[in-house]
Amino acid sequence: MIDTAVALSPGRNLGGRDLPDGLLAVRAAEGDEEAFAVLVQRHGRPLLDLARCMLGNPQDAEEAVQDAFVSAWRRLPEYRHSAEFHTWMHRITVNRCLTMRHRRPPPLSLDTVAEPAATDAWGQPARSAEQKAATAALVRALGELDTGQRLCWILREVQGLSYKQISHVTRSSEQAVRGRLFRARRSLQEAMGPWR
Amino acid sequence: MTVDRTTTLLDTAAEAALAVPGVAALQPRRSPRTAAAVASTGTDATPKGTRESGIRADRSPDGPGWRIEVRCILSFEGRRALEIAQNVHDRVRAAVISRLAALDAVERVTVEVTVTGVVTRYDLT
Amino acid sequence: MAVDESHAPPPESLGADGTGPKPGAADVPSFADDVVTPCGRLLSRIWEQARDTAQAADPHISSCPHCREAAEGLSAVTAASQALRTGDRPGLEALADRVMNIVRAEVRLGRLLPLADPDRALRIAESAAAKVLRQAADRVPGARAAACRFVPVGDGVDLRVTMTLAAALDRPLPDRIHQVRRSVLRSAGQDLGLAVTAVDITVVDVLEQEPPCRPGLTPGGA
Numbered sequence: 001m002i003d004t005a006v007a008l009s010p011g012r013n014l015g016g017r018d019l020p021d022g023l024l025a026v027r028a029a030e031g032d033e034e035a036f037a038v039l040v041q042r043h044g045r046p047l048l049d050l051a052r053c054m055l056g057n058p059q060d061a062e063e064a065v066q067d068a069f070v071s072a073w074r075r076l077p078e079y080r081h082s083a084e085f086h087t088w089m090h091r092i093t094v095n096r097c098l099t100m101r102h103r104r105p106p107p108l109s110l111d112t113v114a115e116p117a118a119t120d121a122w123g124q125p126a127r128s129a130e131q132k133a134a135t136a137a138l139v140r141a142l143g144e145l146d147t148g149q150r151l152c153w154i155l156r157e158v159q160g161l162s163y164k165q166i167s168h169v170t171r172s173s174e175q176a177v178r179g180r181l182f183r184a185r186r187s188l189q190e191a192m193g194p195w196r
Numbered sequence: 001m002t003v004d005r006t007t008t009l010l011d012t013a014a015e016a017a018l019a020v021p022g023v024a025a026l027q028p029r030r031s032p033r034t035a036a037a038v039a040s041t042g043t044d045a046t047p048k049g050t051r052e053s054g055i056r057a058d059r060s061p062d063g064p065g066w067r068i069e070v071r072c073i074l075s076f077e078g079r080r081a082l083e084i085a086q087n088v089h090d091r092v093r094a095a096v097i098s099r100l101a102a103l104d105a106v107e108r109v110t111v112e113v114t115v116t117g118v119v120t121r122y123d124l125t
Numbered sequence: 001m002a003v004d005e006s007h008a009p010p011p012e013s014l015g016a017d018g019t020g021p022k023p024g025a026a027d028v029p030s031f032a033d034d035v036v037t038p039c040g041r042l043l044s045r046i047w048e049q050a051r052d053t054a055q056a057a058d059p060h061i062s063s064c065p066h067c068r069e070a071a072e073g074l075s076a077v078t079a080a081s082q083a084l085r086t087g088d089r090p091g092l093e094a095l096a097d098r099v100m101n102i103v104r105a106e107v108r109l110g111r112l113l114p115l116a117d118p119d120r121a122l123r124i125a126e127s128a129a130a131k132v133l134r135q136a137a138d139r140v141p142g143a144r145a146a147a148c149r150f151v152p153v154g155d156g157v158d159l160r161v162t163m164t165l166a167a168a169l170d171r172p173l174p175d176r177i178h179q180v181r182r183s184v185l186r187s188a189g190q191d192l193g194l195a196v197t198a199v200d201i202t203v204v205d206v207l208e209q210e211p212p213c214r215p216g217l218t219p220g221g222a
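Residue numbers (my numbering), protein chains in the order written: chain B, 1 to 196; chain V, 1 to 125; chain E, 1 to 222.
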């Protein structure tokens, strides 16, 4: 018979870092903020990458992902677990980005691009105005892609995952992943026509 | 006059509640600024005597007197939530009655205590 | 991976290691909108070789001018996406702090439960009580609480706890459930001062085993 210690003594960290998403989501839905903090740590980076690709700059990406997490916290009691938590978060984030894009479209012309500086807001050596405009056009085109195609493209091209890893994350076959990747590339190639 | 008195009572109640061992903070109401103070330091960084500080002071709906509601966050440190809440109740009530007496007012005071959160060791790692 | 060169390989064999069929095959398009170059290669395959595979699977694609021009078609996209790959990544810490500040200010109180004192109006938010009792359950090795709800019993301060659990299977479940029940009851009485009369426990998930953790070590990140 184990006599478990009642005092909240230090020892094994039971903060929940080892718990699966579904369990954490149930606890967070009941008001457990620590469980939610673990989810934020776990999913924050991929969502920031996604938002950056959809919005074109890190500041907007931070704002979008922050809004997405707060929205998720408020809606957790209604989350029915029919989709995986990361898929649910992905959808919320994409919707948030689309709303922000609608209100604040990425720069359209060379004129609206930032003035020259030694390093730009992204910490890179200053790129030419044309390079920046090209990236802006790419981001716009990414926003227009079908969700599945966009996700596969970002996971492959920005996050460097293999087909196998992408198929796990998206719960689809590698063949489906390759098909979406191909279609995404075709659409993007067309959109980038003027920059060839 | 009533407004001043309410503020006085809010201050009195907040000070008494925060002095009880085991009370980590008062529960802020939807104010990110004060919540940040609670989350980071857990100390008395919330402004006393305001709506944000987790105390409500109303005239009793039934008959003369005051009703004080205290919303607080506890850190256990070896005490039971029940005992901490009882202490909060008793000390706040005593402090408010004493304050009213100093203002030449003898009124009934009822106190309700709601524990809205608990800070455990794990929160601090 | 030997493949009969005279017909297109079946879909299941594609992509296992990211490489396509053996060179020289006159490919049947595997995607509806795929394009076949004059020299008989699939555009999708050319692009995959340019962007996705580590080794050159098809030497023809690397050398043929048609194929190289087709691969060139992606260069604008690749160049424009460079900034997305290597650009400054926003920090997660500041973001996480801001999110948690907002979350903590919007604490979901849920229902209020009576503490066991008939003479004073003392209550505790269900979420706060649940947090403490979940931790009591978590202290039992091989158990992790999921949901924790409370149901009033009678007119007074008595409560019934309903808890769901993830449990490891290295011990008989009834034993583990019993341990959790004892831990939860003890915590309800000694940490909180709640009058819990019963604890209903349902195991809803299997807990993956992990190596025992020595005090002072934190478990690896997920």
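Hints are computed from structural coordinates only; laboratory data are not their basis. As the structure is a computational prediction, the values presented were derived from the model and not from experiment. All C-beta atoms in this analysis are idealised placements derived from N, C-alpha and C, irrespective of residue type, glycine included. Please note that a few of the clues may not be correct.
[Claimed, not checked] Pulled a few chain E residues facing chain V out of the computed Cβ check, cut under 8 Å:
1. ALA105
2. LEU115
3. ALA116
4. ASP117
5. PRO118
6. ARG120
7. ILE124
8. ALA125
9. ALA128
10. GLN135
11. ARG186
12. GLN190
13. ASP200
14. VAL203
15. VAL204
16. VAL206
[Said to hold, decoys possible] Chain V side only, calculated, beta carbon under 8 Å to chain E, not exhaustive:
17. PHE76
18. ALA85
19. VAL115
[Stated by the list, open to error] If you anchor each label on the Cβ, the simulated ranges turn out as follows:
20. V:PRO21 x E:GLY156: 46 to 52 Å
21. E:ARG111 x B:ARG103: 35 to 41 Å
22. V:ASP104 x E:ARG160: 47 to 53 Å
23. B:LYS164 x E:SER75: 22 to 28 Å
Q) With 8 Å as the cut and Cβ atoms as the points, is ALA105 of chain E at the interface with chain V? A) With Cβ-Cβ at 3 Å, under 8 Å, it holds.
Q: Using Cβ atoms only, decide whether ALA85 of chain V comes closer than 8 Å to chain E, and label the hint accordingly.
A: With Cβ-Cβ at 4 Å, under 8 Å, it holds.
Q: Can you let me know if the beta-carbon spacing of ARG111 of chain E and ARG103 of chain B is within 35 to 41 Å?
A: 38 Å, holds
Q. Under the criterion of a CB-CB separation shorter than 8 Å, is PHE76 of chain V in contact with chain E as hinted?
A. 7 Å, holds
(Q) Taking 47 to 53 Å as the stated bounds, is the beta-carbon spacing between ASP104 of chain V and ARG160 of chain E within them? (A) This hint holds: roughly 49 Å between Cβ atoms.
Q.
Does the closest beta carbon of chain V sit nearer than 8 Å to the beta carbon of ALA128 of chain E?
A. Result: holds, 5 Å to nearest chain V Cβ.
Q. Given VAL115 of chain V as an interface hint, is the shortest Cβ-Cβ distance to chain E below 8 Å?
A. 4 Å, holds
**Q.** CB-CB spacing for GLY156 of chain E and PRO21 of chain V relative to the 46 to 52 Å hint
**A.** 28 Å, violated
Q.
Take the shortest C-beta to C-beta distance between ASP200 of chain E and chain V; is it under 8 Å?
A. 22 Å, violated
Q. Regarding the hint that ALA125 of chain E lies at the interface with chain V, is the smallest CB-CB distance below 8 Å?
A. It holds, given that the least Cβ distance between ALA125 of chain E and chain V is near 5 Å, below 8 Å.
Q | Restraint outcome when PRO118 of chain E is required to lie within 8 Å of chain V by C-beta distance | A | 12 Å, violated
Q. Does the CB of ALA116 of chain E sit less than 8 Å away from some CB of chain V?
A. Interface hint status for ALA116 of chain E: holds (6 Å vs cutoff 8 Å).
Checked against the numbered hints above, the structure violates hints 5, 11, 13, 14, 15, 16 and 20; every other hint is satisfied.
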